[in-house]
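Participant: Here are the chains, one letter per residue:
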Amino acid sequence: MRKIQISVALAAALVSASAMAADVRIATEGAYAPWNFMDDSGNVAGFEIDLGNEMCARAGVECEWVVNEWDSMIPNLVAGNYDMLMAGMSVTDERKETIMFGDEYTPPDPSSFAAASSADVDMANASGLKIGAQGATIQAAYLEANLADGNDILSYESADQAVADLVAGNIDVLLADTSFLEPVVNGSGGTLAFVGDKVAIGGGVAPGYRQDEGELAAKMNASLADIKADGTLSKLLIEYFEKDLWAEQ
Amino acid sequence: MLEALSLWISNHVSADAAMWFDYFTNGKHLAWYASVRFTLIAAFGGAALAVLFGLAGASARRSGFAPFRWLGWGYTTMVRGIPDVLIILFFPLAFEQGVEWLMAQQACSAAELASGVWPPCDGAQWYLSTTEYLIMACVSLGLVYGAFAANVVYGAMDAVPASQLEAAKAYGFTKRQIFMRFQVRQMWIYALPGLSNVWMLLLKATAFLSLLQIADIVLWAERLGAPNYFARAGMLHPDWRWRYYLVLFLFYILMTVLSEYFFKFLEKRASRGMRLNQGEATA
Amino acid sequence: MSEILPSFPNSAFVQDIVILAKPALFNIYFAFASIPFGFPFAVVLALMKNSSSGLVSRIARVYIYAFRGSPLFIQFFMFYSLMLAFNLSHWKPMGIDHIVMHPLFIGPLVLVLNTSAYAAEILYGALRAVPHLELEAAKAIGMNRLQTFRSVVWPNMIRLAWPAYTNEVIFLFHATAIVYFTLPVINDEKDLMNKAGELFEKDYNVFLHFSVAALYFLVISLMIFFVAGLIQKRLNRHKVPTDRQSLSYKPTFLR
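Protein sequences appear in the order of chains A, B and C. The letter at position 73 of the first sequence is residue 73 when you use my numbering, and the numbering goes up by one with no holes. Add 1000 to the 1-based position in the second sequence for my numbering, that's all there is to it. Add 2000 to the 1-based position in the third sequence for my numbering, that's all there is to it.
Excised from the complex, chain A in its bound form:
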């Protein structure tokens, strides 16, 4: 009987320990520069981290960042391991079935194809190509729906892995957000290049919440509106993406 009491006390201690954590826990991937990444000091950083911290400060809540792999991002939100996610996630109808999105902080960003600049890739008549994308993304869904015929579609756990495979020549083309690919292509020293036309997939990027967290979402929406109105958002966008994505609309 004593053993049972101990185990109950242990469980209670665990639950209360986690209840003492910050007001709002925000999940991010930490592997999708410039949106979110791990900086040299080992902390999460990036556009979404600065924006999220500002939103929390203006909403008067204490926030804590949680790093979570991309493919279990939504399941762990629903399971309640954090309250909110900001991970460069585009609004889609399919995702809306399981989670709720707040207001968008960037407008829809068309996706781009990148390939080795030495390769001769014709995206207009793509066939026999190995095309990569990060798994469980709008890009992966797009490839499956539009380019699966006659091509091989490879899905990766993280966008960085897909980039590594593209550079090594294991895939011919990579489809990803333009905002993610631009620093990669520019930083590749001419070995990578954009190919084909941009494709518009999905909506803008917004924070995600559990369906029943309307109160938190409203609070955060209000502070995001405030951040937008006083020009802080465009300052952050220029800081990380070198342009105000909203101005191009």
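Treat the hints with caution; some may be incorrect.
[To be verified] Here are some of the chain B residues that sit facing chain C, going by a computed Cβ distance under 8 Å:
(1) G1081
(2) I1082
(3) P1083
(4) V1085
(5) F1090
(6) A1094
(7) A1207
(8) D1239
(9) R1241
(10) W1242
(11) L1246
(12) I1253
Derived from the structure by calculation, the hints contain no laboratory data. From the three backbone atoms N, C-alpha and C, an ideal C-beta is built for every residue, glycine too.
Starting from the known structure of chain A, fit chains B and C onto it as the hints suggest.
Facilitator: Same frame as chain A, now just chains B and C:
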């Protein structure tokens, strides 16, 4: 400390060496080195639980009460027929849902419970952070390798000389006393080689921690080695992952070497005790 | 709790069994593509380890120690990124493009490297346990080394190693569960863990999907045990029952 050392290297060795020293001691690398603690905690915690589950499983299989025997047999057979990684992934998810179900019974109203949404209300939300995941990782590892340990222990109990048990019986010890004081105490020496093997398996399974959202050595190695083209995220470099994985490969081999030495020492000690005991018994 | 626990035979359960049948074939493929290469390689390694030449023996020892002493999970990550770094994706053996980095190729490749180390250790143990009297008898009737190996060492080694090797095959089959944790998924080529995880992400029903995946692993493991048992019987068919017991090489149930 680190800055002073870096300065010393740049003055006495070369600026290049200092640059690499700075790189290998930046926060990201320090976080990687520090994350070894998760691996070690999971290994030692898991091993302790595996021994407990192993004893329980083996005792259940020896029980005079048939349902216990079936339970013990079911546990050891089931777990060994399923990949360890599946159980390590499944157990924390299942346990979380189970706890939340219990919490929901107390915290949520009947209408909320009937709504079919999961979890039914805010009160039934169990937040899992690294600490909880680490504890659950220990339990999962304990469950999986406890089944292997149970087999080892079960066999080792058989290896205890029957004459000793008979002698105990002749002295008037009860069945329970014979089991606890003779069979369990004596079997360790026979179980050690097998248990060392279980430990090696468990040690290697700690590589799965990153699957439970624990920022362990594998996750940090991946993040450190991934190609970086964004200057604000640190040093620009192509795909360096294989170098970091090579370090992990060597790290685990080193751990295996150390474990082997430790178990050799332990076996030596245990068998020394054995001879002494036998000597006393005959004297 | 009713929505979490599957009520036993319900349609969702049967549905999962159907959905997971094709992914199970991938796990079976990974295991059975590895055995025909892993076993001969293991025999070579075991003989190398047993070699009287110090260098040959040492090479085999280091290889076996390294692959048994590190997690397969890390080996997968390391070999995949290593092959990328050495530009093996551009290599076209026999003019076939894109084969080297394909999961259906590199998966069995790493599994072969791994399982051969474990199997070699088992075979080496059996090699050392070949009865001395039989070796001396072979010498006495004037057999040369090759003849001794063919008619004394080899059959004894296989017979002694068989139970432990069966166990290794089960471990190998279970190890296929982590192939796709480290390799990219091409089109719809998903294994049991992949597919079960995907189903789980849709409805969060851990108990159902992971149980069905576990059931597949369990049933196939039992089938491997059954077939291996039949072979074991055949290997020992010349032995009288009492004799068979005395000669049994103790299966460890451990890798």
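Participant: Run the structure past the numbered hints and jot down the numbers of the failing ones, going up.
Facilitator: none
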